[in-house]
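These protein sequences, in sequence, are chains A and B. When you line the first sequence up against the numbering used here, it's residues 1 to 154, in that order. When you line the second sequence up against the numbering used here, it's residues 1001 to 1709, in that order.
For the record, the hints were derived by calculation from the structure and aren't laboratory data. Ideal Cβ positions, reconstructed from N, Cα and C, are used throughout, including at glycine. Among the hints, a few may not be true.
Below, simulated BS3-like cross-link-like pairs (lysine-lysine); rule was C-alpha separation at most 25 Å, straight line [claimed, not checked]:
#, chain 1, residue 1, chain 2, residue 2
1, B, Lys1232, B, Lys1163
2, B, Lys1163, B, Lys1266
3, B, Lys1232, B, Lys1252
4, A, Lys29, B, Lys1252
5, A, Lys29, B, Lys1683
6, A, Lys29, A, Lys62
7, A, Lys29, B, Lys1622
8, B, Lys1246, B, Lys1266
9, B, Lys1683, B, Lys1622
Covered, in the sense of this in silico footprint (three residues per stretch, anywhere, with C-beta under 8 Å from a C-beta of chain B), are these stretches of chain A [what the hints assert, rightly or not]:
#, segment
10, 64-70
11, 90-98
Residues per chain are reported as follows:
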Amino acid sequence: MPTELPYAADAEMSLTYDELEVLRLQYQKELAQDHVTTQTKFNLCWGLVKSPIREHQVEGVKLLQEIYRAEPTRRRECLYYLALGHFKMGNFEEARRFNGLLLEKEPTNLQAQSLAQLISKGAARDGYIGMAIVGGVAAVGTILLAGLIRRARK
Amino acid sequence: MASDLRGQPATSRRQKSKNPMDPVVTEAASSSSSAFSKLELVQKAFMAPFTHKKTDSTRILSDLAPVIMTPRMINSAATVASKPQASITGPTISRSRMDFSSLGRAPLRLGLGSKRITSGDLQIFEATEELLEAEVPEPEGVASNVSLLRGFNATIPSAEQSKTRRRQMRNVDTPRLGLKKLGMSARGLLTDEDDHEGQSVASEDDVVVVKHAQSGKKKSRESLSATKKLGKEELVRQTEEIMLDKENIHVKRSLINNEIKEITHKIQALDDIRAKLEQDLLKLQEEELELDDELEGVKERIKYEQASSHQPASAVKNLHLPPSSRRRKGPAFLPSEHDELPPGVAFMTLDSHTTPITTLDFSEPYGTLVSASQEDAQPRVWDLLTGDEIGRLRGHIGAVHCLQVEDHVCLTGGADGNVRLWDLRRVNDSDGWGEGEMVNLSDVPEEDEEGGELVEHPSSIRNSADENEHKDSSCARLLEGHTQAVTALYFEDECLVTGASDKTLRQWDLTTGQCVMTMDILWAISHPANGSISNPLASQSFPGSFSVQTPPYADGTREVYEDFVGGVQFWGYGLVSGSGDGAVRMWDMRTGQAHRTLLGHTGPVTCLQFDEIHIASGSLDKTMKIWDLRMGGIFETIHYDHAVTALQFDSRKIVAAAGENGVKIYNRTSTQQSTLLTNGHTKPVERLRYMDRYLVTGGRDAKLKIWSL
Chain A
1 MPTELPYAAD AEMSLTYDEL EVLRLQYQKE LAQDHVTTQT KFNLCWGLVK
51 SPIREHQVEG VKLLQEIYRA EPTRRRECLY YLALGHFKMG NFEEARRFNG
101 LLLEKEPTNL QAQSLAQLIS KGAARDGYIG MAIVGGVAAV GTILLAGLIR
151 RARK
Chain B
1001 MASDLRGQPA TSRRQKSKNP MDPVVTEAAS SSSSAFSKLE LVQKAFMAPF
1051 THKKTDSTRI LSDLAPVIMT PRMINSAATV ASKPQASITG PTISRSRMDF
1101 SSLGRAPLRL GLGSKRITSG DLQIFEATEE LLEAEVPEPE GVASNVSLLR
1151 GFNATIPSAE QSKTRRRQMR NVDTPRLGLK KLGMSARGLL TDEDDHEGQS
1201 VASEDDVVVV KHAQSGKKKS RESLSATKKL GKEELVRQTE EIMLDKENIH
1251 VKRSLINNEI KEITHKIQAL DDIRAKLEQD LLKLQEEELE LDDELEGVKE
1301 RIKYEQASSH QPASAVKNLH LPPSSRRRKG PAFLPSEHDE LPPGVAFMTL
1351 DSHTTPITTL DFSEPYGTLV SASQEDAQPR VWDLLTGDEI GRLRGHIGAV
1401 HCLQVEDHVC LTGGADGNVR LWDLRRVNDS DGWGEGEMVN LSDVPEEDEE
1451 GGELVEHPSS IRNSADENEH KDSSCARLLE GHTQAVTALY FEDECLVTGA
1501 SDKTLRQWDL TTGQCVMTMD ILWAISHPAN GSISNPLASQ SFPGSFSVQT
1551 PPYADGTREV YEDFVGGVQF WGYGLVSGSG DGAVRMWDMR TGQAHRTLLG
1601 HTGPVTCLQF DEIHIASGSL DKTMKIWDLR MGGIFETIHY DHAVTALQFD
1651 SRKIVAAAGE NGVKIYNRTS TQQSTLLTNG HTKPVERLRY MDRYLVTGGR
1701 DAKLKIWSL
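With these hints in hand, go ahead and build the complete structure from the sequences.
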């Protein structure tokens, strides 16, 4: 099957508030009728994941997980969206694992490959910042301690 | 400072909870450092790795814990702990694989502030493990045709944008027509906001205003499309858009089709579940009925055992045991091996009879069976435990038409018009059945038959009973009175009711052997109790002997049916009889009057039974009718292909012999009909009797079959 998956860049393009609202209304309408179609649910998920607001992303990933549980035939696709959602939330570890599972099934999937690169890049960036901070703090700490010790000796 | 804490060896880190809380920890730690007293402590902790051993540092850290923990943290820790899943341990372990990225992220989050850890996040983290372990099958069905994204693009509102844009492109400037107003007034609405209309179109995003040359008013009426030029590029673009829209429609259609299919499946599945549940409900109902019966039986037994413990002497002496098995519906005492038998299978065959079985009865499951066949004056007694013939009941002249067994007491009614009471304990084969006795017996009938026809012989039993005593030790008493064949009998305790082809019913007292009352059916036919309801069979009055051709059995044979009274049963003073005129009569045994006649059968009634609520009667008209005892109406009619010759029922089922090789079982709760065939009769079943899950049938193939139900 030709993979029709969006690239990560697509996830950064947010829907307008009105569009998201339409999707949410549709979802809630079906929820009230006791039968939510997978497509409606996914529409809202995707809209939420695309949103720059973190609460939305969390909600989106949560709904994606529901789809993943309920629709075994859609799992393959959902793996990617879950990875993407986690990636946007900054959970690189989870994103890597979901994406890894997808790549295991479809090693040639271009979108998944590019997402894998993005994830490792993001993780590395976090790592650099982390190292920098750790380093900085360590340095400051040493200086402080040295000062204290020196003062104590005097 | 804070990240120094995180730099601690992994052992101390692990002691604290999960990663999501880490930023809070740092926050709390940094804020606490402002307080001087705490600072000391914190310092101590930080110095720990350098001055103390590892174990000490963890101790200090745990000491520190209450200081660093803010109420919010404690709360969140509590919520995590209250999550019942074991997944808490999962992420924690995976988390312990420390790397710089997670290390760096914590202060990042802290710094940005917007990234707060919510319970939603935690839920997602916890679900991750579970989801990753779930199997990922190949997509199939609509999932392989239409991807979610494709569906998304086809269904989001912006998919409609191009359509609106095209429509606006085709808008033509015309003089104000007031179309909206027309439309509104057509729907009966009043409009007073004309001025807004002009703006509504302009406010749309994608309006393309195309000025067209004012050609003045000299042009007469022209089609609207002719006034507008769009250009080739635009038209090509529109074509592409339309193609795209059409594809979207296709996607939407397949999505909806799939949804419909899925719902159909779901409905199917739900229907299946519903059917199964309904069946379960029926089964429960059956079980309840069974329990009711069992309870009743147990209660009766309590009463009986109490009574027998009060007067043990008299109970032993008494020939007739108080609880009658005909009425008793409680649990029978079966050997435990009986449970191992497959239900619905004839597991024993008794075949020493040579002619079709006419009647049978047994004392209890695996007890004593007595059976009689056509043209055979000697009913046979069987031991049901071994399947051996114990002996024969000798005394009747001519065939035995009916019999009943209670414990060791057996009553038989024969074609000779006599009823004999036997003590089955005294039956044995040892006294032989040589020809001498046969001759001896055949001598007696001639006397009896000649004299018996005439009513001159009063019911002076004493003499003949004594006379018979020495002939066959097992015959305890002889009841004479009927002038023709006794065709039905029923006794309980000391009271016996018989029905005979002389068209009378007689009530007897078994202690004295006297006929207490005679009820004339012919009189009841000519004087119907319930008004002028005509009886279809009454017109053919039965002069002399009663004789009817049975409808053919399943194997095509026919029989001459001569039993005028097909069945009798009583309870208290209420007596019910079914007779050859097709009527089921209810008699009062105090007055001897028939107080109600149930008409409905179009052929002679061959068998009947009643309980507290219903009377069941089977007839040669190939039906079985269940009557409502209180209303006197037909409650249910069950049709068969052949004449019904025997039936017995309880609250759950009706077992019937209906002229076929198989035994018919009608489940009253589920109204399902089933047939017992396995290892069954090779000719139609004629008679049957069951107790609990133990059934004995007699067929026209002269065999007796014993079934486990």
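Outcome of the hint check:
A threshold of 25 Å between alpha carbons decides the hint, and for B:Lys1232 with B:Lys1163 the separation of about 18 Å falls inside it, so the pair holds. As the CA atoms of B:Lys1163 and B:Lys1266 are separated by approximately 36 Å, the hinted pair breaks the 25 Å bound. Distance check on the hinted pair: B:Lys1232 and B:Lys1252 sit about 30 Å apart at the alpha-carbon level, beyond 25 Å; violated. For the proposed pair A:Lys29 and B:Lys1252, the alpha carbon gap of about 18 Å is at most 25 Å, so the pair holds.
Distance restraint check for A:Lys29 and B:Lys1683: the Cα-Cα separation of roughly 67 Å exceeds the 25 Å cut-off, and the hinted pair is therefore not satisfied. Simply put, A:Lys29 and A:Lys62 have alpha-carbon atoms about 19 Å apart, close enough for the 25 Å limit, and the pair holds. At roughly 60 Å between alpha-carbon atoms, A:Lys29 and B:Lys1622 are farther apart than 25 Å, so this suggested pair is violated. About 30 Å separates the Cα atoms of B:Lys1246 and B:Lys1266, which puts this hinted pair outside 25 Å; it is violated.
For the hint linking B:Lys1683 to B:Lys1622, the alpha-carbon distance of about 17 Å falls within 25 Å, and the restraint holds. For the segment 64-70 of chain A, the assignment as covered by chain B holds, since 3 residues bring a beta-carbon within under 8 Å of that chain's beta-carbons and 3 suffice. By the rule of at least three residues with a Cβ nearer than 8 Å to a Cβ of chain B, the coverage given for the segment 90-98 of chain A holds, with 7 such residues.
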